[in-house]
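Kindly generate the complete structure, drawing on both the sequences and the hints.
FYI, the numbering for the sequence shown is 3 to 390, going by my numbering.
Certain hints may be false.
Unchecked claim - Derived pair list, reagent style DSS-like, types lysine-lysine, alpha-carbon separation capped at 27 Å:
#, residue 1, residue 2
1, LYS97, LYS78
2, LYS144, LYS61
3, LYS154, LYS97
4, LYS97, LYS151
5, LYS61, LYS97
6, LYS78, LYS144
7, LYS144, LYS154
8, LYS286, LYS303
9, LYS151, LYS61
These aren't lab readings, by the way, just hints derived from the structure by calculation.
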Amino acid sequence: MVCGTNDCEIFYEVHGVPTQTGILWPTHEAALHAPFTDVRLSFCPHCHFIVNEAYEPAKITHTRNDFSLEFSPSFKAFTDGLGQDLVQRYGLEEKRVVDIGCGDGDFLRTLLRAGMNSGLGIDPGYAPREGQTDPQGLEFVKEFFGPDKADKLRGAELISCRHMLDIMAGNQAEFVRMLRRAIPEGEQPLVYFEVPNALYNIGEQVVWNIVNEHSAWFTPQSLAYLFRSCGFEVLEVQPCWHGEYISLVARPAGMPLEDPASLPPTHDPTTPVAVRAFTAAADKVIAQWQLRVEELRSSGKHVVIWAAGSRAITFLNTFDLNDAVVAVVDINPRRQGQFMPRTAHPVVAPEQLMTYRPDVVFISNPTYAPEIQEQARQLGFRGEFLML
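So, in structure tokens, the structure goes:
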């Protein structure tokens, strides 16, 4: 727990879900036998931290994940704007950045294009893309970040970490405390963290995003609580990317508290209400979709799902759509030619859409609906769009 208390309440359980949604499978047979597990979410009423108590680190691999959304024009515009805002607002031109959990290094490249002059990415799963040419001053360390990497932070004016804190195997509070202690004495780097927004997923009943990879979920209040308890001054914390994510900007200020629970409890009445209503609300959402799924199956229509991410994987593993769904389209070329976990639906390029003669294109994330609809129409699709 972020605050160290044990007074938590389990509020949601789901069984038999794919162990990882960031991994697709190379063959139909391998996909059918993809590992599965359970999710059990627990809520702390003091700090509002949410943890997946069923999370088993041994079942997770961080070397094959591919969560990149940089092939989406709208998401690319978001990250470009984020990089420019950080650099301009905090005077980071010609400064150095360290990105922890950098993935393929997309955000590092964005920051250098925005005006920073050197960057280091740290990620055990980093793999250079074929034909990728990086700007001068960019380097990568293919390892986990730990106390032994503290020297890598020296001279950094920005430390960024996007969408790693919520999927890490260890204790989130221990990680942030370790990061604070690793910052060289006398240095005051800006710290930028970004995580999925629990209030979006739980408050809006986006049950399809509740996947095993998320070992933890944060609200804006619990994320701020974590960083304050770990020796940071929180400069801002707010929703971003259509409310789906939370961004936090902080600086070092003192050292981690010996007793994190000594901070005042989080005062946010909306989160406990949403948490305690979630199971009933999720059951209602699933029941409503069960009726629509039965209509699709009985209609005999061919359905193609667009986007092979967490929502599509959860949806396909919740209902029996093997006969109705003929394929899943994804714009990420590294996901194409692979198969969805457990259901083994093929993942194909957008250019293959019309070969499946779909009657319905099922958009798994409405945030991307405008660009998906435009691309599908350009490819010749004239059927119905359905939003999850």
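Taking the hints in turn, this is what the structure says about them:
A distance of roughly 22 Å separates the Cα atoms of LYS97 and LYS78; the hinted pair therefore holds under the 27 Å criterion. Straight-line distance between C-alpha atoms of LYS144 and LYS61 comes to about 21 Å, which keeps the hinted pair within the 27 Å bound. Restraint check for LYS154 and LYS97: satisfied, since their Cα atoms lie roughly 14 Å apart, inside the 27 Å limit. Annotation: proposed proximity of LYS97 to LYS151 holds, straight-line Cα distance about 20 Å (limit 27 Å).
The suggested pairing of LYS61 with LYS97 is violated, with an alpha-carbon distance near 38 Å, which exceeds 27 Å. A distance of roughly 24 Å separates the Cα atoms of LYS78 and LYS144; the hinted pair therefore holds under the 27 Å criterion. Straight-line distance between C-alpha atoms of LYS144 and LYS154 comes to about 13 Å, which keeps the hinted pair within the 27 Å bound. For the hint pairing LYS286 with LYS303, the CA-to-CA distance comes to about 25 Å; that is within 27 Å, so the pair holds.
With a C-alpha separation of about 25 Å, the suggested pair LYS151 and LYS61 falls inside the 27 Å cut-off, and the hint holds.
Of the numbered hints given earlier, the model fails hint 5 alone.
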